[in-house]
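Student: Letter by letter, the chains look like this.
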Amino acid sequence: MTEGVTLKKYRFDRNQLVIPYLIYLLLFVVMPLLVVIYYGFTDDKGRISFANFAAFFTNSKMMGTLVYSLIIAITVTVICLLLAYPVAYILAKGEYARKHAFLMVFVLPMWINFTLRITALKEILTLLEGNLAYHPFMNTVICMVYDFLPFMIMPLFNSLTKLDQSMIEAGYDLGASFKQVLFKIILPLSVPGIISGVTMVFLPAMTNYVVLDMIYNSTYIMGSLIGSYFNSYDWNNGSIISAILLMLIGLVTIFTDKILSRNENREVRI
Amino acid sequence: MIVLRRMSVAVLLAAAVLPVLLTGCGNEESDEIVLRVCNWEEYIDEGDWGEDELIELDDGSRIIGENNMIQDFEDWYYEEYGEKVEVRYSTFGTNEELYNQITIGDVYDLACPSEYMIMKMMREGMLVPFSEGFKNASAENNYYSNGLSPYISSVFNSLSIDGEPLGKYAAGYMWGTNGLLYNPEEVSDEEAAHWDMLLNKDYFRRITIKDSVRESYFVAAAMYYYDEITDPDFKNSPDYHERLTEMINRTDPETVKAVEDILVEVKDNVYSFETDAGKADMVTGKVVANVQWSGDAVYSMDQADEDGLSLCYSNPEEGTNLWFDGWVMLKNGLEQDERKQRAAEAFVNFLSRPDNAIRNMYYIGYTSVISGGDSGLIYDYINYNYGADEEEDSVEYNDIGYFFENDTDEANERYTVITTQDQTKRQLYAQYPPKSVVDRSVVMACFDDESNERINRSWTNVRCFDLEKLFK
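Chains as they are written, first to last, in numbering that gives the first Met the number 0: chain A, 0 to 269; chain B, 0 to 471.
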């Protein structure tokens with residue numbers, strides 16, 4: 000009897016749909032993260048320690064790796080942005096009957112597994128350069144740009160299609176040159192797209208060491224450095240580097256959020 | 000509607016609970032032995048050979064891998080011991096991965112790590128010693144004790160951790176050396192006979208080296224001590240091998256620093272540090288030489304032969320790294336279950352039966368530690384692979400008696416292989432190196448934690464971007 004009563008009280012709430020994802024989040028995102036933080040701030044005997052944290056910032060080789068990763072990531076991101084923006088703009092604003100079909104062509108490479116694509120690119124580059132090992136940095140940048148370009152085009156395309164055409168026309172009507180329209184109207188209004196594109200490209204470019212391995216760049220980036228620590232059973236130092244990267248990512252996100260909200264305010268003022 | 004929903008919840012719950020109940024019952028009722036085996040990837044015969052792959056030996060034996068070796072073992076065990084055994088087979092990619100898996104809590108009964116990992120596991124008390132029954136060479140099914148090469152056996156006994164010999168806890172599987180695979184059209188035999196070829200500017204960006212701390216450390220240490228090692232007085236001293244072993248295994252801060260400097264130079268000269276791509280890059284001709292394990296060297300030479308490219312293998316004169324992979328039984332898997340231990344030991348014995356050893360060798364390209372004991376199958380197999388007719392431009396390859404019996408002229412005579420000239424520096428040489436190579440082969444020790452940390456840190460230094468470069 001009592002069981003029936005309690006069951007009757009049960010009401011399905013739409014909010015409960017979120018439960019599966021919440022369980023997933025707890026098990027596979029939050030828990031591992033706590034484990035990483037635990038290992039990052041303990042020593043090999045399990046005592047709480049900040050030595051690993053301090054070691055990261057005082058070890059010149061670790062800082063070297065951070066700088067090298069940043070240089071790669073910035074170069075890749077800038078090139079991706081310069082290549083993707085005009086394409087996304089033409090696709091979004093051009094008078095094409097089959098806009099989305101064209102977009103597909105640019106995103107098509109994503110359908111092929113990336114290791115396969117890099118292997119193909121490796122052969123092409125060998126043919127062009129003779130020996131891949133002469134230009135490890137350049138090859139890394141070429142491969143990463145090739146790999147990440149679609150991730151830049153997509154968000155840019157989306158934000159540029161949403162851009163209000165009447166604003167651009169108003170700009171021209173009031174006598175602005177193309178340059179002025181571009182820098183005063185189009186670029187500022189596509190900042191959200193630029194930011195999401197940049198985050199999609201920048202962060203993977205800092206850690207995707209598979210590309211470096213495949214293209215024979217023997218210098219470590221952050222991802223390979225973390226891997227090397229885990230390979231030598233040093234979970235504490237490996238974890239702290241992951242945690243520090245995570246904090247850097249967090250800072251970047253907060254920073255971009257600020258820019259975004261400022262940008263929204265400006266839109267309201269217009 | 001509510002009723003419907005309630006029913007669907009019940010069905011869902013039942014669906015979730017049912018499998019748990021079923022497997023729960025299943026385990027308790029059956030008396031099948033479950034053996035959890037963890038081995039390297041592609042490191043056992045998986046069967047399914049084509050008919051043209053049949054191996055016919057001189058004594059009339061016909062060896063072919065029809066079924067998976069695991070399945071053959073299960074059938075054989077049931078026939079021999081009347082008990083059903085189910086092998087749960089899984090694989091690992093690196094020794095470190097295996098070790099990490101086990102420390103995280105994966106449970107295996109039998110695993111196949113390399114020598115230094117075996118020693119690490121011994122030191123940490125993770126292993127169960129093989130039983131006395133297993134070591135009894137006269138018992139019929141004890142193919143391992145009966146067929147183990149006396150040379151490998153002596154190496155196993157010479158290595159010890161806390162006073163206990165390695166042979167007590169490990170049964171060998173495959174062994175080999177570390178050397179230089181090279182393209183003889185580009186590189187001379189003389190150049191490939193020394194590790195300092197890695198610094199030769201003539202081959203700038205045309206040589207690859209292993210992306211492994213231990214492998215690279217060994218090579219660079221041999222380069223660092225070049226003058227001392229090649230000194231005739233040192234070479235001819237009675238305790239040459241002990242001194243060489245000690246020298247190459249030095250890990251004092253000074254040596255580690257010097258090795259690091261050499262590796263930085265090597266890094267600036269080589270094509271890349273590779274884990275697996277080296278084989279393909281040799282065959283396609285992207286590189287002209289490659290630091291390689293003997294088994295992978297054999298594989299590369301076979302591949303290149305198909306493309307009409309002839310590659311050679313050399314063990315440099317300064318010294319080479321002797322390695323082996325061996326089966327160990329894990330404490331947390333066996334849990335003192337005697338039936339399980341018997342099955343685990345039988346598994347090792349089954350793999351060591353000469354015909355099975357040949358199947359595995361054929362399939363994976365590495366060299367088995369089994370020399371066959373009373374059975375002449377292994378020697379027949381070498382002849383089958385590399386033997387040549389007397390009329391051809393043939394030579395006697397007669398320095399491998401040590402592997403089968405002992406290092407005497409009679410044994411060398413008995414195990415002579417009449418082969419072609421080029422095989423003395425190709426597959427045959429790589430698979431069964433002559434005594435002179437074995438004499439300068441050194442097993443790299445399992446370093447203590449402090450040395451390991453020093454070496455790992457130095458390796459990170461080699462691989463990380465040097466900030467000073469920016470300001471120069």
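Mixed in with the good hints, there may be bad ones.
Restraint-style ranges between C-beta atoms, simulated for each label pair [said to hold, decoys possible]:
id	chain 1	residue 1	chain 2	residue 2	range
1	A	G45	B	T229	43 to 51 Å
2	B	K330	A	P19	38 to 46 Å
3	B	E452	A	I73	30 to 38 Å
4	B	R456	A	G45	17 to 25 Å
5	B	N331	A	T114	30 to 38 Å
6	B	L53	A	K44	19 to 27 Å
Partial selection, computed: residues in chain A whose CB lies under 7 Å from chain B [unchecked claim]:
id	residue
7	F56
8	T57
9	K60
10	G63
11	T64
12	Q164
13	S165
14	S227
15	N230
Derived from the structure by calculation, the hints contain no laboratory data. Since the structure is predicted, the reported quantities are computational estimates derived from the model, not experimental observations. Using N, Cα and C, we set each Cβ at its ideal position, and we do this for glycine too.
Student: Determine for every hint whether it applies to the structure shown.
Tutor: These are the hints, each one checked on the structure:
{"no.": "1", "hint": "G45(A) - T229(B): 43 to 51 Å", "verdict": "holds, 48 Å"}
{"no.": "2", "hint": "K330(B) - P19(A): 38 to 46 Å", "verdict": "holds, 39 Å"}
{"no.": "3", "hint": "E452(B) - I73(A): 30 to 38 Å", "verdict": "holds, 33 Å"}
{"no.": "4", "hint": "R456(B) - G45(A): 17 to 25 Å", "verdict": "holds, 22 Å"}
{"no.": "5", "hint": "N331(B) - T114(A): 30 to 38 Å", "verdict": "holds, 35 Å"}
{"no.": "6", "hint": "L53(B) - K44(A): 19 to 27 Å", "verdict": "violated, 58 Å"}
{"no.": "7", "hint": "F56", "verdict": "violated, 13 Å"}
{"no.": "8", "hint": "T57", "verdict": "violated, 13 Å"}
{"no.": "9", "hint": "K60", "verdict": "holds, 4 Å"}
{"no.": "10", "hint": "G63", "verdict": "holds, 4 Å"}
{"no.": "11", "hint": "T64", "verdict": "holds, 5 Å"}
{"no.": "12", "hint": "Q164", "verdict": "violated, 46 Å"}
{"no.": "13", "hint": "S165", "verdict": "violated, 49 Å"}
{"no.": "14", "hint": "S227", "verdict": "holds, 6 Å"}
{"no.": "15", "hint": "N230", "verdict": "holds, 5 Å"}
In summary, the structure is inconsistent with hints 6, 7, 8, 12 and 13 from the numbered list given earlier, while agreeing with the others.
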